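J.: Construct all of the structure, not just a fragment, from the sequences and the given hints.
Chain by chain, the residues run as shown.
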Amino acid sequence: MTALTGTGRLIRLALRRDRVLLPTWIVVIAGLTAAIGASVVGLYGTVEERFAAASFSAANVVTRIFDGPAAGTELGSLVLMEGYWLLAVVTGLMGAQAVVRHTRHDEETGRAELIGAAVVGRRARLAAALALAVGATLAAGVAATLVLLALELPFVGALLAGATLAGNGAVFAAVAAVAAQVAASARAANGSAAAVIGVAFLLRAVGDALGDVGEDGVSVVSAWPSWVSPIGWGQQARAFEEPRWFVLLLLGGAATILAAAAMSLVGRRDLGAGLVPPRPGPRRAAPWLASTLGLAWRLHRGPLLGWATALGVVGVAFGIVGESADELFGLSEDLTAAIEGMAADAGLLELYFAFTTGLLAIAASGYVVQALLRVRTEELQGRVEAVLATAVSRRRWLLVHLLVASAGLATVLGLLGGGGAVGYGLVTGDWRAGVEGMLGGAMVHLPAGLVLASLLVFAVAVHPRTAAVVGWTGFGVSFVFGQLGALFELPQAVLNLSPFTHVPTVPAEPVTWPPLVVLTAIATALVVVAVAVHDRRDLVLAS
Amino acid sequence: MTDVIRTAGLVKTFGATRALDGVDLQVSPGEVHGFLGPNGAGKSTTMRILLGLLRRDAGEVRLLGGDPWRDAVDLHRRLAYVPGDVHLWPNLSGGEAIDLFGALRGGLDERRRADLIERFSLDPTKRCGTYSKGNRQKVALIAGFASDVELYLLDEPSSGLDPLMTQTFNDVVREARDAGRTVLLSSHVLAEVEALGDRVSIIRDGRIVETGTLDELRHLTRSTIEVQTVQPVPGLAQLPGVHGLSAEGDRIRFEVEPAELDTVLARLSRAGVTALTCTPPTLEELFLRHYDVTVPAAGSRR
Ligand SMILES: Nc1ncnc2c1ncn2[C@@H]1O[C@H](COP(=O)(O)OP(=O)(O)OP(=O)(O)O)[C@@H](O)[C@H]1O
Ligand SMILES: [Mg+2]
Chain A
803 MTALTGTGRL
813 IRLALRRDRV
823 LLPTWIVVIA
833 GLTAAIGASV
843 VGLYGTVEER
853 FAAASFSAAN
863 VVTRIFDGPA
873 AGTELGSLVL
883 MEGYWLLAVV
893 TGLMGAQAVV
903 RHTRHDEETG
913 RAELIGAAVV
923 GRRARLAAAL
933 ALAVGATLAA
943 GVAATLVLLA
953 LELPFVGALL
963 AGATLAGNGA
973 VFAAVAAVAA
983 QVAASARAAN
993 GSAAAVIGVA
1003 FLLRAVGDAL
1013 GDVGEDGVSV
1023 VSAWPSWVSP
1033 IGWGQQARAF
1043 EEPRWFVLLL
1053 LGGAATILAA
1063 AAMSLVGRRD
1073 LGAGLVPPRP
1083 GPRRAAPWLA
1093 STLGLAWRLH
1103 RGPLLGWATA
1113 LGVVGVAFGI
1123 VGESADELFG
1133 LSEDLTAAIE
1143 GMAADAGLLE
1153 LYFAFTTGLL
1163 AIAASGYVVQ
1173 ALLRVRTEEL
1183 QGRVEAVLAT
1193 AVSRRRWLLV
1203 HLLVASAGLA
1213 TVLGLLGGGG
1223 AVGYGLVTGD
1233 WRAGVEGMLG
1243 GAMVHLPAGL
1253 VLASLLVFAV
1263 AVHPRTAAVV
1273 GWTGFGVSFV
1283 FGQLGALFEL
1293 PQAVLNLSPF
1303 THVPTVPAEP
1313 VTWPPLVVLT
1323 AIATALVVVA
1333 VAVHDRRDLV
1343 LAS
Chain B
207 MTDVIRTAGL
217 VKTFGATRAL
227 DGVDLQVSPG
237 EVHGFLGPNG
247 AGKSTTMRIL
257 LGLLRRDAGE
267 VRLLGGDPWR
277 DAVDLHRRLA
287 YVPGDVHLWP
297 NLSGGEAIDL
307 FGALRGGLDE
317 RRRADLIERF
327 SLDPTKRCGT
337 YSKGNRQKVA
347 LIAGFASDVE
357 LYLLDEPSSG
367 LDPLMTQTFN
377 DVVREARDAG
387 RTVLLSSHVL
397 AEVEALGDRV
407 SIIRDGRIVE
417 TGTLDELRHL
427 TRSTIEVQTV
437 QPVPGLAQLP
447 GVHGLSAEGD
457 RIRFEVEPAE
467 LDTVLARLSR
477 AGVTALTCTP
487 PTLEELFLRH
497 YDVTVPAAGS
507 RR
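Residue numbers (this note's numbering), protein chains in the order written: chain A, 803 to 1345; chain B, 207 to 508.
Everything labelled a hint here was simulated from the structure, so no lab data went into it.
Careful, some of the hints might be misleading.
[To be verified] Only some residues are given here: those of chain B computed to face chain A with a beta carbon under 8 Å:
no.: 1; residue: L257
no.: 2; residue: H282
no.: 3; residue: W295
no.: 4; residue: A346
no.: 5; residue: E466
[Stated by the list, open to error] To spell it out: a stretch of chain A is covered by chain B in this simulated footprint if at least three of its residues, at any positions, have a beta carbon under 8 Å from a beta carbon of chain B; those stretches are:
no.: 6; region: 939-952
no.: 7; region: 1097-1106
no.: 8; region: 1331-1343
[What the hints assert, rightly or not] Listed next, with one range per pair, are the computed distances between beta-carbon atoms:
no.: 9; chain 1: A; residue 1: V1296; chain 2: B; residue 2: G271; range: 49 to 59 Å
no.: 10; chain 1: B; residue 1: R224; chain 2: A; residue 2: A1062; range: 50 to 60 Å
no.: 11; chain 1: B; residue 1: F220; chain 2: A; residue 2: V822; range: 23 to 33 Å
no.: 12; chain 1: B; residue 1: V395; chain 2: A; residue 2: V921; range: 27 to 37 Å
no.: 13; chain 1: B; residue 1: R318; chain 2: A; residue 2: P1082; range: 16 to 26 Å
no.: 14; chain 1: A; residue 1: W1090; chain 2: B; residue 2: G272; range: 39 to 49 Å
Here the structure is a predicted model, which is why all the values come from computation and not from measurement.
C-beta atoms are modelled at their ideal positions from N, C-alpha and C, and glycine is treated no differently.
T.: The structure is reproduced here in structure tokens:
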């Protein structure tokens, strides 16, 4: 028996277990590619528009940070500039989580012990997990290539773009393989891999921000930090301009070295433990923790911190860009028309605030979905049993989670809008416009976000098994309709399905209370029904 | 005094599975009540109905004078529950989890908390995610027994504990009984229930098939008799209450039910007994008979 005996069988087992999950990820990646591609293709129809967009993005530090380095006026280049980093992050998360799921997570659930006792080599489980993850990222790359080809972009560019995407995924999967050997728990391994992805994003953001505008005026020559980031490598491939194929060697080499390192670390740790011992925790609970509210806060604070930081930073950036709002809208006639359709006689700046806060507020409501799915996880993983066997009523337990998640959403929106106000105020000195535009525009979406939250609570109470599907579908519908509805000229009746459609486009329009009151009433009604049903149903209990 | 727990005709179905099929369970104040039965017999389901975590389909339940579904929160202040499989938050330390459960139940006794952590030799600074099954069980046991409550519902509480810790657990349960608390203890380990239990109920296929004190149950079981007689004993095998007869020369061996013991002995003495041993029944036999799923439940009832 070699260290790899049984790898093939384990791969088949893993494929079977992930037969729904991985295809879903790949469909999401293909969908994102299609959404980004279609919006760029739709917005920048003429050469002039493409030139204006590329030169604006090349010269503007904020777009360099949050999009990527401009690389010429080809349609494909604009697509990758807008969205490559997002696709790379999502593909990376897919690969990283797959590796951790089939290594450390299996060890924590005890499944790995059963496998380990069978005829399976020492390194077989890691090898199978890596093979599965790399296979999935390759599939995602192929899917992206096919989508780009369907958008009638050139073959060579689409091929290289898909290949770099797969390469990014493979590198992050290999990072997760190393993290899975080192970290103290599956959670910590996932967290470390996500942190590496975040650092890769930041490095290339710094590199692009510090770079220079190229001689042609429509591209960026990035500084060195972009060249130490795997996401940076992907963006530097310039797939549609002058392809740099050697980038694939960088990606492949890094993935191979990391995977080999992980393989050699396997033998040095125990099953279920990492090389790093877990830190001890406090001997006693802090006074604030020992209550339903304290526990809910403890469970929600990690994700909240992440979302609040991300959207706060994004808010500041969009506030800063507000200074050149008219320039930005001048880039595309379609965009100008779509924006002006939002409110006929508003100024361009107000329209900019309304448009960006609308989009970002929907993104922010993803927090509430993630937070409230925790309620479902608590029940599914059996932790709720011991809590509800104490003097805590079902109602209190459910409502406290809703309260913390809702307050969290208000905080995220506040930081998004507040950050925007600060960003705009700092560069223009006009604090009032920033507060009204960014903070007002963000906060007005709170009732719509609460409808999404209450929908999720309703699903958790009434049909817990579909809660995750309901939550993410609700979020996806809101997002797609909000961003692309107007662009694709969907009928109003369909757009009305999203609670966010009904929010007044503050500050382009004045705040109108009736829709906000109705949204709040709908949210309240859903929660009332949810609580009543939840009070009556059996708990889902791990047996 | 009224019963701490009384159920009558308790029924619970999960889809096509009839998990409880008319459970009649009665637990008196101040007793340690053993709750025995094979896998899937319905022990955990009964406990969860007693806690109001599951809703009964039919039947009556009273717990500490209240309705466990309707009065859940008030009743839970007066009881502590240790689930069969303890799931905790991986990031919380054991000490944090103990304090949390204590606070949610309405406070815990600091001295007992410290004492129990010491006796169960639990390291409260370890993260719950790194605890073994037994250590997770200890967290729930410490949180439960450090609370000042009237009733303990323990679902296979010692299943993950090593022999030394099982000893500690037994001591803790005895202390609770001596302090006048009531304990319902489900288990697969007869020895544990024999060591702790005042009364026992055996559940099988969602019904209580046997209930009473350990002595009462012993009376229900067959004695084994080995006998040598001068003359053969015709028709012994056909006597009511005689089972498993085997003969080897003039030695006969069989089991007899307690009610028929007198008749059988009379018949033997007429044949002239030269040697006789009578082995008293063990609970283990009774217990295993109920665990033997190849025998239908009704057939094992006398
Ligand atoms: N949520 C559920 N859905 C469907 N069936 C269930 C559910 N919970 C329990 N059952 C079934 O009800 C029956 C009783 O289960 P229960 O867990 O009460 O048994 P138990 O006596 O505690 O067994 P064990 O000794 O294995 O813990 C079993 O047949 C089980 O499969
Ligand atoms: Mg059980």
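J.: Take the hints in turn and mark each one as holding or not.
T.: Hint-by-hint comparison with the structure:
Annotation: B:L257 was flagged as interfacial toward chain A, and the flag holds, the nearest CB pair being 5 Å apart, inside 8 Å. A hinted interface residue such as B:H282 counts as satisfied when its beta carbon comes closer than 8 Å to some beta carbon of chain A; here the least separation is about 5 Å, so the hint holds. Because the smallest distance between the Cβ of B:W295 and any Cβ of chain A comes to about 6 Å, under 8 Å, the interface hint for this residue holds. Nearest Cβ of chain A to the Cβ of B:A346: about 7 Å, under the 8 Å cut. The hint holds.
At a threshold of 8 Å, the smallest CB-CB gap from B:E466 to chain A is about 42 Å, leaving the interface hint violated. For the region 939-952 of chain A, the stated coverage by chain B is violated: 0 residues have a C-beta nearer than 8 Å to a C-beta of that chain, whereas at least 3 were required. Interface restraint, the region 1097-1106 of chain A with chain B: holds (3 residues with C-beta to C-beta distance below 8 Å; minimum three). A count of 5 residues in the region 1331-1343 of chain A with a Cβ less than 8 Å from any Cβ of chain B is obtained; the coverage claim is therefore met, three being the minimum.
At roughly 57 Å, the beta-carbon separation of A:V1296 and B:G271 lies within the given 49 to 59 Å, and the hint holds. Restraint check, B:R224 to A:A1062: a C-beta distance of roughly 56 Å satisfies the suggested window 50 to 60 Å. With their beta carbons about 25 Å apart, B:F220 and A:V822 fall inside the hinted range of 23 to 33 Å. Between B:V395 and A:V921, the C-beta spacing of about 34 Å keeps the proposed range 27 to 37 Å intact.
Between B:R318 and A:P1082 the beta carbons are some 23 Å apart, a value that agrees with the proposed interval 16 to 26 Å. One distance hint, 39 to 49 Å for the beta-carbon pair A:W1090 and B:G272, is violated here, with the actual separation near 31 Å.
Hint check: violations occur at hints 5, 6, 14; the rest are consistent with the structure.
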